[in-house]
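There are 2 protein chains.
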Amino acid sequence: MMLRTLIVALMLALPAAAAELRGTGDLGVAVERTTGSLLVLDRSEHAAIGRVEGLGDLSHASVVFSPDERHAFVFGRDGGLTKVDILTQDIVGRVMQAGNSIGGAISDDGTLVAVSNYEPGGVRVFDAATLAPVADIPTGSRTLGLVDVPGRRFVFSLWDAGETWVADFSGGPEPAITKITGIGANPYDALVTANGRTYIAGLFGEDGLAEIDLWQEPLRARRILDGYAKDDPALPVYKMPHLEGWALAGERFALPAIGRHEVLWMDARSFEEVGRTAVHGQPVFAVARPDGRQVWVNFAHPDNDTVQVIDTLSGEIVHELKPGPAVLHMEFAPRGNEVWISVRDANRIDVYDTASFEKIAEIPAESPSGIFFTARAHRTGL
Amino acid sequence: MMLRTLIVALMLALPAAAAELRGTGDLGVAVERTTGSLLVLDRSEHAAIGRVEGLGDLSHASVVFSPDERHAFVFGRDGGLTKVDILTQDIVGRVMQAGNSIGGAISDDGTLVAVSNYEPGGVRVFDAATLAPVADIPTGSRTLGLVDVPGRRFVFSLWDAGETWVADFSGGPEPAITKITGIGANPYDALVTANGRTYIAGLFGEDGLAEIDLWQEPLRARRILDGYAKDDPALPVYKMPHLEGWALAGERFALPAIGRHEVLWMDARSFEEVGRTAVHGQPVFAVARPDGRQVWVNFAHPDNDTVQVIDTLSGEIVHELKPGPAVLHMEFAPRGNEVWISVRDANRIDVYDTASFEKIAEIPAESPSGIFFTARAHRTGL
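Order-wise, the sequence lines are chains E and F.
Per the working numbering, residue 1 is the first one in the first sequence, and the count goes up by one each step.
Per the working numbering, residue 1 is the first one in the second sequence, and the count goes up by one each step.
In isolation and in its complexed conformation, chain E is listed as follows (with noise of 0.2 Å):
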């Protein structure tokens, strides 16, 4: 009976018993808002797999995963921080680390993950294995535009104070810290390139934006697109969200021209504006297919049943589809061929080839936001 008992035990201890030997890099989840859950994807079954529950407020969530592409780490808007194993779909780890928080990131190295919060402002750096705290950096002033670059480094901006700060952990768990100030007023989101090289900062209290040369010492940042807006007196205030929306395709990126009925162009090199596509509506995202050769847009409301596809070389829309309604994301496969679109009001999820624009299949989902695929334990910036 000892035996029995500590067989199955052991047996319980052992997470083979319930979960299916497999491959994890064609693995993804979709983040269903509502409802505080995670759906587990199968990005080569064209289905959802599992449904992990109970990870708090999820709106305006966003996921890093480990570098073997097991575990997911949630950040939740509540400052909860997550570790989902989707291969068990269990959750982990959780630690409720800030009230109000805005994204995080995960270490080149795959051993820190970083979370950026409004309240208390700062960052908070914690144990990718254990969730347990590594160092407390904080700020004075609400914190966001957080992503990792290349060294163990992480970097992010202060809305209060108008400075980007890069955290060097290179050196170990206390992190040497870089402040750039003056980069202009109230940065409220940004991006990097996904060489890690460029850091963008928009800016709610300027008419352009920061850009950071992360290659070049010392650091400082630089005004890119100012004034741009200024000879357009229909648009008084002119101003750019969703900075992880842009895309870099070919040698440009594009940007969602938020306010205007447009996307922009604009050179990777020189950062000047080299033209502007018109669109169906308010563009939201402007995603590039991962080859560059395709953007793939979609809109704000009352515009958020359609997407459309402009062709890079051109600049011109080639095609235009209607999912549904409440269009909220778009995930490309790694390599391209498909597109995974969450279609909010439909309570669905669609995969389109990114060739032929034929729609594969349709994923039933609680009300579907963010949908993020393994493929990004691989990535910079994501």
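Mixed in with the good hints there might be a few duds.
List time: in silico SDA-like cross-link candidates among lysine to any residue, alpha-carbon distance up to 20 Å [unchecked claim]: (1) E:Lys322 / E:Ser367; (2) E:Lys179 / E:Asp168; (3) F:Lys359 / F:Ala326; (4) E:Lys322 / E:Val309; (5) E:Lys359 / F:Gly171; (6) F:Lys359 / F:Asn347; (7) E:Lys322 / E:Lys359; (8) F:Lys359 / E:Gly172; (9) E:Lys359 / F:Gly172; (10) F:Lys179 / F:Asp168; (11) F:Lys359 / E:Thr111; (12) E:Lys322 / E:Asp303; (13) E:Lys359 / F:Thr111; (14) F:Lys322 / F:Ala300; (15) E:Lys359 / F:Ser170; (16) E:Lys359 / E:Ser44; (17) E:Lys179 / E:Glu211; (18) F:Lys359 / F:Thr306; (19) F:Lys359 / E:Ser170; (20) F:Lys359 / F:Leu321; (21) E:Lys322 / E:Asp353; (22) E:Lys179 / E:Glu217; (23) F:Lys359 / E:Gly171; (24) F:Lys359 / F:Pro302.
Partial list, derived from the structure: chain E residues whose beta carbon lies under 7 Å from chain F [claimed, not checked]: (25) Gly23; (26) Arg70; (27) Gly151; (28) Gly205.
Simulated from the structure, these hints should not be mistaken for laboratory data.
Since we're looking at a predicted model, the values are computed, not measured.
The beta-carbon is built from N, C-alpha and C at its ideal position, and this holds for glycine as well.
Please build the complex by placing chain F on the supplied structure of chain E, with the hints as guidance.
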């Protein structure tokens, strides 16, 4: 005592003991040429976790991965195509598909595996799930430089005919073939850029290379770097083997200039030479760290005990190391924080931190050559 024995026996008997439930994003393989085996690697543990034998002649072998990062397809020099389950470490399929072959590729959707053959000359395409034959594309020529590009297409070149062909499987198992003729004499190797747009073939019979922009219809080849060695009387024949070693570092390609102790820099837009860096020996591979900030270079005999690191911005050598005898290959972790180096004649793989240049680990291996991480599954043209 009996209890302990039983528990050990139980653990051995459980399938989990043979194949552990785990993510596959941090796995890889190293080719062991002399023993015809694959060493299975765990990036997170800096360790070898198994060996798969019976793969035939692995000289000049290469490997691609299934989208789920579970299966490796190994292309042997003897025409053998072997499918290996890296979780269970079993051979799950093997075909002798030709008498003499060189390189393979997997389609963007992961359903087709293609092999380019010298004898009989052409490309054969197989179902990735079953290894059943799908298509045979005889060319009447030794065929090489095979790569996958978006849209379920493969591109390859014909040594004898001086042509490049595109085989498009988007319509089904009968490929649509487009032939680009007159690209130049005797293409001997080729590469495609990471975005799948630019195909470049080295020409054994010409003092230049052929470049094809796969985004521009009709497809045609143009000559690049034409005659650029003509002004060097010391160098009557100037070739550039190992095109797969080309590195896109920032806005420039780094090219190993075989025959000289130099790395060439070529502008990625204009394809014109923009500089050279003098290096320790005759370079074999010049490989960019994934962020493009560094280029790591290894060398031909007798300098093949050395590796040099070039800073992309300055073009200067910033570090030199001597891992040991016969450095054959360098593979970066997908986010670039580590590089794994095969030191064949030391029977060892060394792992280095690319920021500090410190050696992190040594892994015993039998005459290792190529190292391939599963993250390649998510990339084009590898």
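Against the structure, the hints:
1. Taken as a hint, the E:Lys322 and E:Ser367 pair is honoured in the structure, with Cα atoms around 17 Å apart against an allowance of 20 Å.
2. In summary, the hint linking E:Lys179 to E:Asp168 is supported, as the alpha carbons are separated by about 11 Å, within the 20 Å threshold.
3. Among the hinted pairs, F:Lys359 with F:Ala326 is consistent with the structure: their alpha-carbon atoms are about 17 Å apart, no more than 20 Å.
4. Restraint check for E:Lys322 and E:Val309: the C-alpha separation of about 12 Å stays at or below 20 Å, so the hint holds.
5. About 16 Å separates the Cα atoms of E:Lys359 and F:Gly171, which keeps this hinted pair within 20 Å; it holds.
6. Distance hint between F:Lys359 and F:Asn347 is fulfilled; the C-alpha atoms sit about 16 Å from each other, no more than 20 Å.
7. Restraint check: the Cα-Cα separation between E:Lys322 and E:Lys359 comes to about 11 Å, which is no more than 20 Å; the hinted pair holds.
8. Taken as a hint, the F:Lys359 and E:Gly172 pair is honoured in the structure, with Cα atoms around 17 Å apart against an allowance of 20 Å.
9. Among the hinted pairs, E:Lys359 with F:Gly172 is consistent with the structure: their alpha-carbon atoms are about 17 Å apart, no more than 20 Å.
10. Annotation: proposed proximity of F:Lys179 to F:Asp168 holds, straight-line Cα distance about 11 Å (limit 20 Å).
11. For the suggested pair F:Lys359 and E:Thr111, the alpha carbons sit about 18 Å apart, so the restraint of at most 20 Å is met.
12. Distance hint between E:Lys322 and E:Asp303 is fulfilled; the C-alpha atoms sit about 10 Å from each other, no more than 20 Å.
13. Of the supplied pair hints, the one linking E:Lys359 and F:Thr111 holds, its CA atoms being roughly 18 Å apart against a limit of 20 Å.
14. In summary, the hint linking F:Lys322 to F:Ala300 is supported, as the alpha carbons are separated by about 14 Å, within the 20 Å threshold.
15. For the hint pairing E:Lys359 with F:Ser170, the CA-to-CA distance comes to about 15 Å; that is within 20 Å, so the pair holds.
16. Proximity of E:Lys359 to E:Ser44 is assessed by CA-CA distance (about 15 Å); at most 20 Å being required, the pair is judged to hold.
17. Using a Cα cut-off of 20 Å, the hinted pair E:Lys179 and E:Glu211 holds, with the two alpha carbons roughly 14 Å apart.
18. Distance check on the hinted pair: F:Lys359 and F:Thr306 sit about 14 Å apart at the alpha-carbon level, within 20 Å; holds.
19. Simply put, F:Lys359 and E:Ser170 have alpha-carbon atoms about 15 Å apart, close enough for the 20 Å limit, and the pair holds.
20. Note on F:Lys359 and F:Leu321: the hinted pairing holds, with a Cα-Cα distance of about 10 Å set against a maximum of 20 Å.
21. Proximity of E:Lys322 to E:Asp353 is assessed by CA-CA distance (about 15 Å); at most 20 Å being required, the pair is judged to hold.
22. Restraint check: the Cα-Cα separation between E:Lys179 and E:Glu217 comes to about 12 Å, which is no more than 20 Å; the hinted pair holds.
23. This hinted pair checks out: F:Lys359 and E:Gly171 have alpha carbons roughly 16 Å apart, not beyond 20 Å.
24. Using a Cα cut-off of 20 Å, the hinted pair F:Lys359 and F:Pro302 is violated, with the two alpha carbons roughly 23 Å apart.
25. Taking 7 Å as the C-beta cut-off, the interface hint given for E:Gly23 holds, the closest approach to chain F being about 3 Å.
26. A distance limit of 7 Å between C-beta atoms decides the matter here; for E:Arg70 the minimum to chain F is near 3 Å, and the interface restraint holds.
27. Taking 7 Å as the C-beta cut-off, the interface hint given for E:Gly151 holds, the closest approach to chain F being about 5 Å.
28. At its closest, the beta carbon of E:Gly205 sits 31 Å from a beta carbon of chain F; the interface hint therefore is violated under the 7 Å criterion.
The structure fails to meet hints 24 and 28 from the earlier list, while all remaining hints are met.
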